[in-house]
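Student: Sequence:
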Amino acid sequence: MAGIHRAALSAFWVGVVSGGTLSAAIVINEIHHSPDVKQERVEFVELFNAGREAADLSGWAFDAGVDYVFPAGTRMEPGQFLVVAGDPAAVSAKFGAAGVLGPWVGRLAGEGERLRLRNAAGVTQDEVEYRLGFPWPTVGEPPGYSMELIHPGLDNDLGGHWRSSVLGGAQTTTRLLRGSGARWRVWKGTAPPSTPATSWRDPDFDARTWTEGPAPVGYDPDVAFGTRLDDMRGGYSQFFLRGEFQLTGAEAISGLRVEALYDDGFILWINGHRILSESMPSGELPLGGLASGEARESNSFDRLEASLPPGVLRDGRNVVAVQVANVSRDSSSDAFFDARIFGLIGPSGRGPTPGRTNVVFALNAPPAVRQVAHEPEAPRTGDRVVISARVTDPDGVESVRLDYQVVAPGDYIELDDPRFAADWTATPMLRDVADTN
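Throughout the sequence shown, residue numbering follows this note's numbering, covering 182 to 618 in sequence.
What the hints contain is simulated information worked out from the structure, not anything from laboratory work.
Computed from a predicted model, the values in this text were never measured in an experiment.
Note that the Cβ used here is the ideal one computed from N, Cα and C, for glycine as well.
A few of these clues could be false.
Label-pair distances were calculated between CB atoms; the ranges are [stated by the list, open to error]:
id, residue 1, residue 2, range
1, GLY321, ILE594, 16 to 26 angstroms
2, ASP496, SER361, 51 to 61 angstroms
3, LYS369, VAL286, 35 to 45 angstroms
4, ALA554, THR371, 57 to 67 angstroms
Turn these sequences into a full structure, and let the hints steer you where they fit.
Tutor: In structure tokens:
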């Protein structure tokens, strides 16, 4: 809130009510609506049987958000998870989930969706209307977190009872592949890199006939490259790379961080598994195809994170394969690629977790905060600002504190900026009363 004088700020806390619990035993427990790799059909909805008896789901159906009718004989034992997806095989391959049902008809909308589950008689058993933005968790960008319910006994139609599928515990990193100077095998896109067309990215593919050189790889008249492709402009729109790294302790790595310098788009595989895609069309990009969207005009590394399907990394030799594409074969002034790859080491507190206990599961959930508002909407220096919020908890709420930070007009504080952790002011919020200052 730019330009707010601290002495003029006040707040109130309204509408404390007791949080409700779900009456239905079958609970929508996890929603994955926005995969990190947009071209992958790995959306899913996870159900959980929170009751004490087995449930017969024969003829039950999702009839809002997506359409799917459960086949005859579908049962859920107490404490059992059940996953439904648009592409069951893709969800199983990426997340190691077993017994995934589907396919459903439709897609889950990233900007918000109403999901409704009805029993065979047409009676609504559970319903969640998620939204984009607070109080619903932020998901949709790499590394592709899902939305997870903190506890299946909470009202799952309240955004404050959901979290992104990651715990806040500290993680360490280990460098798997260094950037500039790392050696790559390079194939110019004047001819297919392999026959069959996809075998070039397999770990056992023989790339000894490819050119070998250091990164960065590409062309730009104003940049010094380790491996130059001065014949690319007007000659071909893609090039292909293969690199390697050695690893011990692969089982300890729970995710990847890729710091990529690229123009204009790329797809990255590790040991034949598609891990990242940036500014590329969906599906297989044929030889001569182009990157999607507009030209990327940046000489900075982008930091990207990716979840790891089970068993992708292995002790010993690991192979990285990259397909790089330009937005134009003839008119683009540059195309290049370089990358640093790090393994994330820490507790397995990262989702999505289809068919397993949510990583955010807790017996004592924090209060749900929603309906946050402030008046006036565009405050000026000296204005009195009133902030309100509805805060609820099944155990009741004793007190609420507002922490705020003043940010000057035109300024922006990143999460990793040291200023983000400083200069906060705390003030108690008042219960059910208007501002009295």
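Student: Indicate, hint by hint, whether the structure satisfies it.
Tutor: How the hints compare with the structure:
Checking the proposed 16 to 26 angstroms range against GLY321 and ILE594 shows it holds: the Cβ atoms sit about 22 angstroms from each other. Separated by about 27 angstroms at the C-beta atoms, ASP496 and SER361 break the suggested range of 51 to 61 angstroms. For the pair LYS369 and VAL286, the supplied restraint of 35 to 45 angstroms holds, since their beta-carbon distance comes to about 43 angstroms. At about 59 angstroms, the beta-carbon gap between ALA554 and THR371 stays in the expected band of 57 to 67 angstroms.
Hint compliance for this structure: hint 2 alone is broken.
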